[in-house]
Amino acid sequence: MLELKNISYVVEDEKEIIKDVSLSISEGFIAITGPNGGGKSTLAKIIAGIIKPTSGQILFDGQDITDMSVTDRAKLGISYAFQTPVKFKGITVKDLLSLAAGKNTTVAESCNILSEVGLCARDYINREVNASLSGGELKRIEIAMIIARSTKLSIFDEPEAGIDLWSFNSLIKVFEKMHEKINGSILIISHQERILNIADQIIVISEGKVKQTGTKEEVWPDLMAEGTCSVLAQKVG
Amino acid sequence: MDTISKNLLAEIADIHEIPEGAYNIRANGKLQSRNTTANIDIVTKTDKPGIDIIIAPGTKNESVHIPVIISESGLTDLVYNDFFIGEGADVVIVAGCGIHNCGDQESGHDGIHTFHVGKNAKVKYIEKHYGEADGSGGNIMNPTTIVEMDEDSYLEMETTQIKGIDSTNRVTKGRLADRATFIVKEKIMTHGTQYASTDFDVQLDGVDSSTNVISRSVARGKSKQKFLAAISGNNKCAGHSECDAILMDDAIVTAIPQLTAANVDASLVHEAAIGKIAGEQLIKLMTLGLTEEEAEEEIVNGFLK
Chain A
0 MLELKNISYV
10 VEDEKEIIKD
20 VSLSISEGFI
30 AITGPNGGGK
40 STLAKIIAGI
50 IKPTSGQILF
60 DGQDITDMSV
70 TDRAKLGISY
80 AFQTPVKFKG
90 ITVKDLLSLA
100 AGKNTTVAES
110 CNILSEVGLC
120 ARDYINREVN
130 ASLSGGELKR
140 IEIAMIIARS
150 TKLSIFDEPE
160 AGIDLWSFNS
170 LIKVFEKMHE
180 KINGSILIIS
190 HQERILNIAD
200 QIIVISEGKV
210 KQTGTKEEVW
220 PDLMAEGTCS
230 VLAQKVG
Chain B
0 MDTISKNLLA
10 EIADIHEIPE
20 GAYNIRANGK
30 LQSRNTTANI
40 DIVTKTDKPG
50 IDIIIAPGTK
60 NESVHIPVII
70 SESGLTDLVY
80 NDFFIGEGAD
90 VVIVAGCGIH
100 NCGDQESGHD
110 GIHTFHVGKN
120 AKVKYIEKHY
130 GEADGSGGNI
140 MNPTTIVEMD
150 EDSYLEMETT
160 QIKGIDSTNR
170 VTKGRLADRA
180 TFIVKEKIMT
190 HGTQYASTDF
200 DVQLDGVDSS
210 TNVISRSVAR
220 GKSKQKFLAA
230 ISGNNKCAGH
240 SECDAILMDD
250 AIVTAIPQLT
260 AANVDASLVH
270 EAAIGKIAGE
280 QLIKLMTLGL
290 TEEEAEEEIV
300 NGFLK
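Residue numbers (numbering that gives the first Met the number 0), protein chains in the order written: chain A, 0 to 236; chain B, 0 to 304.
No lab work stands behind these hints, which were simulated from the structure alone. Since the structure is predicted, the reported quantities are computational estimates derived from the model, not experimental observations. Accuracy of the hints is not assured; some may be wrong.
A partial selection of chain A residues facing chain B, derived with a Cβ cut-off under 8 angstroms [what the hints assert, rightly or not]: (1) Ala47; (2) Ile49; (3) Lys51; (4) Val69; (5) Ser78; (6) Tyr79; (7) Val85; (8) Lys88; (9) Asp94; (10) Leu98; (11) Ala99; (12) Met144; (13) Ala160; (14) Gly161.
We treat Cβ as the ideally placed atom computed from N, Cα and C, and that holds for glycine.
Start from the sequences and build out the full structure, keeping to the hints where you can.
Following this line, the structure appears as structure tokens:
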């Protein structure tokens, strides 16, 4: 489904770099983990087209998308949930869900999507997506947009970052549910053991390189032994 | 009424048929039609062009529409409209001016609206300006609004100027008695070589009087905008002004907040932010499949909604 060939991103003054990463991602639930600053988010942005790699090639369903714009990749079927959701002025939750779905979603449709991410729809549909919403609410609306799009490839950049414990627990349930009825590929960048638990495949990225790929059983002992990812040890909920 | 006039009315007053309640429709400098109700009287002034709108004390849930339309090129219309809102009334007033200029001469409308808001009265005033042109003549509007507010009164003024006005110089003055509240929500979008200037002067004279002047604007092309918000706190009071502008292309926006506190218990705050559309907003919408241009439109439309 998605193939990265010798992707590098080397720019001066840039903290995160990518060095010659080659990866093949098939259908299923794939988690990317590794230390902060290791290049995970950069890699996700390269796939979504937000960052252009300095060299290498990206294939999506066999098609070369390396030089394609963010818009064209979105139309092909790539979705990207930001680590820090973007706020708007005057644009409502329903507006964003409609844009994501590519049609004017009905109130009933919006309600279904919002309830999937654990939001009581009636309270949110006409809310503006601005700073009046909490970090956890914004995160869930961000995820709701990806559900509304239901594309072949969905990328989530640290969905657990910046949310409270209560929101985290319901978030995990959202992904567990997504895993059950998966259709296409879910690529999720995460430090959380409970998310890694449901991944079919884990990719460890460190210092801009693929350090390891495998199932949780294969990857986990090394991660723990090296302690590269102290956050991983946190068992939330 | 012809199609052009009907379109203008729909744009500025959301009127599609004859409105309910009291109304006064002025077309090309003359009275077109009028309706009064038991509680709302409309009287033509005898000393100068314009009307007096007299709303009886205690009038509830009624509305007044006073649209002005101009479809003749080269006509400049000046009117004085005075609103007398009785004690305890609760009404909606919809004004607006639509110009359709098909010629090459300037058309203009200068409206001077004065509101005398009685004690405990509550008014929502909606004003919309719209212009369209087939010819090369300019559309000019210079509205002046003067608001005199008695004790415990409330006035919310919503003004919108989205399209087609080449030059506008808006002046709004308010004077507030004890516990009166004056809210202004202004929305402006300019494009081409248009110029829009808005000038607010609110005098908070009364104890616990308050005002909130909020302007949201989008400046595109080579258009220019100037926003001046002067608030004077002359008593224990609260005042807030906010100018939030999206700048595009080669446009220029000037924001001048001006606060004068003449009482130690006057609490006055201003905020002004001018900038281009945030890159991350564009990228977010592009990841939903919108082109950059479509994303820009969505952001601007939402901002001015």
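So, going through the hints one by one against the coordinates:
1. Ala47: holds (6 angstroms)
2. Ile49: holds (6 angstroms)
3. Lys51: With Cβ-Cβ at 13 angstroms, over 8 angstroms, it is violated.
4. Val69: holds (4 angstroms)
5. Ser78: Holds - the Cβ of serine 78/A comes within 8 angstroms of chain B, reaching about 7 angstroms at its closest.
6. Tyr79: At about 5 angstroms, which falls below the 8 angstroms cut-off, the nearest Cβ of chain B leaves the hint on tyrosine 79/A intact, so it holds.
7. Val85: Since chain B brings a Cβ to about 4 angstroms from valine 85/A, closer than 8 angstroms, the hint holds.
8. Lys88: Given a least distance of 5 angstroms, the restraint on lysine 88/A holds.
9. Asp94: It holds, given that the least Cβ distance between aspartate 94/A and chain B is near 7 angstroms, below 8 angstroms.
10. Leu98: holds (5 angstroms)
11. Ala99: holds (5 angstroms)
12. Met144: holds (7 angstroms)
13. Ala160: Interface hint status for alanine 160/A: violated (16 angstroms vs cutoff 8 angstroms).
14. Gly161: violated (15 angstroms)
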